[in-house]
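Visitor: The lines below spell out each chain.
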Amino acid sequence: MKKAIRIEPEDNVAVVAQDTSAGETLDCAGASLVAKGAVPLGHKIALSRIPRGEKIVKYAVTIGLASSDIAPGEHVHSHNVEDITNRLCNEYERAFRARKG
Amino acid sequence: MSAMSEIKAYRRRDGRVGIRNYVLVISMVSCSNTVTERIARTTGTIPVVHEQGCCEFEHDHARTKLALIAAGRNPNVGAVLLVGLGCEQTNIEDVRRCVAETGKPVEAILIQREGGSPEAERRGVDIVRRLKCVCESQERVPCRVADLVVGVQCGGSDWTTALSANPVIGAMTDLVVAAGGSVLMSEVAGFPGSEHIVASRAVSHDVGLQVLDMISELRAEYIETYGQKIEEVNPTPGNKAGGITTLVEKSMGNIKKMGTSPVQGVLKLGQAIPHPGLWVIDNRAQGPDPFNLTGLAMQGAVVTAFSSGRGSPVGNAVMPTLKLTGNPETFRKLGSITDFNAGAVIEGATIPETGKALYALLLEIAGGRETKSEINGNFEYIVPREAARKKRDACPLS
Chain Z
1 MKKAIRIEPE DNVAVVAQDT SAGETLDCAG ASLVAKGAVP LGHKIALSRI PRGEKIVKYA
61 VTIGLASSDI APGEHVHSHN VEDITNRLCN EYERAFRARK G
Chain P
102 MSAMSEIKAY RRRDGRVGIR NYVLVISMVS CSNTVTERIA RTTGTIPVVH EQGCCEFEHD
162 HARTKLALIA AGRNPNVGAV LLVGLGCEQT NIEDVRRCVA ETGKPVEAIL IQREGGSPEA
222 ERRGVDIVRR LKCVCESQER VPCRVADLVV GVQCGGSDWT TALSANPVIG AMTDLVVAAG
282 GSVLMSEVAG FPGSEHIVAS RAVSHDVGLQ VLDMISELRA EYIETYGQKI EEVNPTPGNK
342 AGGITTLVEK SMGNIKKMGT SPVQGVLKLG QAIPHPGLWV IDNRAQGPDP FNLTGLAMQG
402 AVVTAFSSGR GSPVGNAVMP TLKLTGNPET FRKLGSITDF NAGAVIEGAT IPETGKALYA
462 LLLEIAGGRE TKSEINGNFE YIVPREAARK KRDACPLS
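Sequences listed follow chains Z and P, in order.
101 is the number that this note's numbering gives the last residue of the first sequence; the numbers go up by one with no jumps.
499 is the number that this note's numbering gives the last residue of the second sequence; the numbers go up by one with no jumps.
None of these hints come from the bench; they were simulated from the model.
In this text the structure is predicted, and so the values were computed from the model without any measurement.
Incorrect hints may appear among the rest.
[What the hints assert, rightly or not] Once the Cα atoms are required to be at most 20 Å apart in a straight line, the calculated EDC-like pairs of lysine to aspartate or glutamate come out as:
hint : chain 1 : residue 1 : chain 2 : residue 2
1    : Z       : K2        : P       : E430
2    : P       : K330      : Z       : E93
3    : Z       : K3        : P       : D259
4    : Z       : K100      : P       : D259
5    : P       : K341      : Z       : E82
Sequences and hints are given; from them, build the entire structure.
Guide: Right, dumping it as structure tokens:
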């Protein structure tokens, strides 16, 4: 069976280990998952429903926000993810520097 | 103490521990490279040659000198012969003194003083043969993982690097740190985008500030060099085609090699490691993989775990390089240059169990098992030049 790799247990996306077509079943950490659309090799697939505005979690950290409702098995990429790297870095840095040791 | 945390290695007079007992022949200037190489070839030892050592600007020369001194001081090196011309900028006596501080035998010859190249070569061969005898009489003694300094790096990446190989290295990092050892992470040019994650793991507020200050400088240098912000050009179109969506995601693929261990501090090249744990080495040299690898060796790493999705032969003159790949195809195709298959993760193994297996191999290598880089004679040593760095420091060792 084709595979998707979930890197950390708290991740809500996994990475597909081969090119995947719509309707194909993938094994992910012992559970099975049906691809909702084509997901190219190395791209992310949603493991659960991720409502618009919710965090996309990979490596156990927030890597972006869902820019639309994402269904389990859907391809997760620039079309449905907002890149909030700047906000994450700037807000953290501002708060950190404001704090005293 | 568990058996897993014991290894047999070489304890040096300065207290540091090496996992090899290399004899090194170091050239002071490009003019003495050929004699250096010929002495090493005749005696089966390792040459360190480079393209500099004279007519350099002060800061550039400080870096050259630091790199040469650091090669000699690495705990994997049991004895050193320095080979100079006689009129070069590199002060051979300074280098000799700084290496000798570690308590290992260091000898020096100058081609002009010996009366020519064949004469210097004959004299050098005699000296190295004697140094080899000294090293051969030294034995491995019981040491601990807590005595080890381990580097982590990646290069020649593909889609598996951030997915399997680097998380597996991260699991190994956490095991080394848990056993009381040290891990060095560099490749700081890849940090912007996840500085909030690295800073959040800092052991103190001051260390968090060190991380954030370094990244602020890196971001400013990037704009000055390329005229654009890092996030304007990252992730690149190639990254996106490969499945990377955001900069924090791209950056995390690099940071993952650090596992989740606390960050003890940021060190500049040449700064001694104050105590064990996970350290960030602020080496901003941008170039081929040996630049960063040499930086880790300069910092005293005795072995580096290096992941490459596409496969890489690189090694280092003073530091065995454990090569792993996250791609099972690459492991099958390039087994002669690859020591470990983290691609097992792609085929169903878990990251923690594969990380344990990598840790076990690391300890075997520390105990004497040769890496593919050593078997294949990959003993590169490339002085890391930090062209973009605005604030430069003098050589801290001289």
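Visitor: Within 20 Å, alpha carbon to alpha carbon, are P/K341 and Z/E82?
Guide: 13 Å, holds
Visitor: Has the given pair, Z/K100 with P/D259, been kept, meaning a C-alpha gap of at most 20 Å?
Guide: Status violated; Cα separation ~41 Å.
Visitor: Do the alpha carbons of Z/K3 and P/D259 lie within 20 Å of each other, as the hint requires?
Guide: 18 Å, holds
Visitor: Are Z/K2 and P/E430 close enough, with their CA atoms no more than 20 Å apart?
Guide: 16 Å, holds
Visitor: Holds or violated: are the alpha carbons of P/K330 and Z/E93 at most 20 Å from each other?
Guide: 17 Å, holds
Violation of the numbered hints given earlier is confined to hint 4; every other hint is satisfied by the structure.
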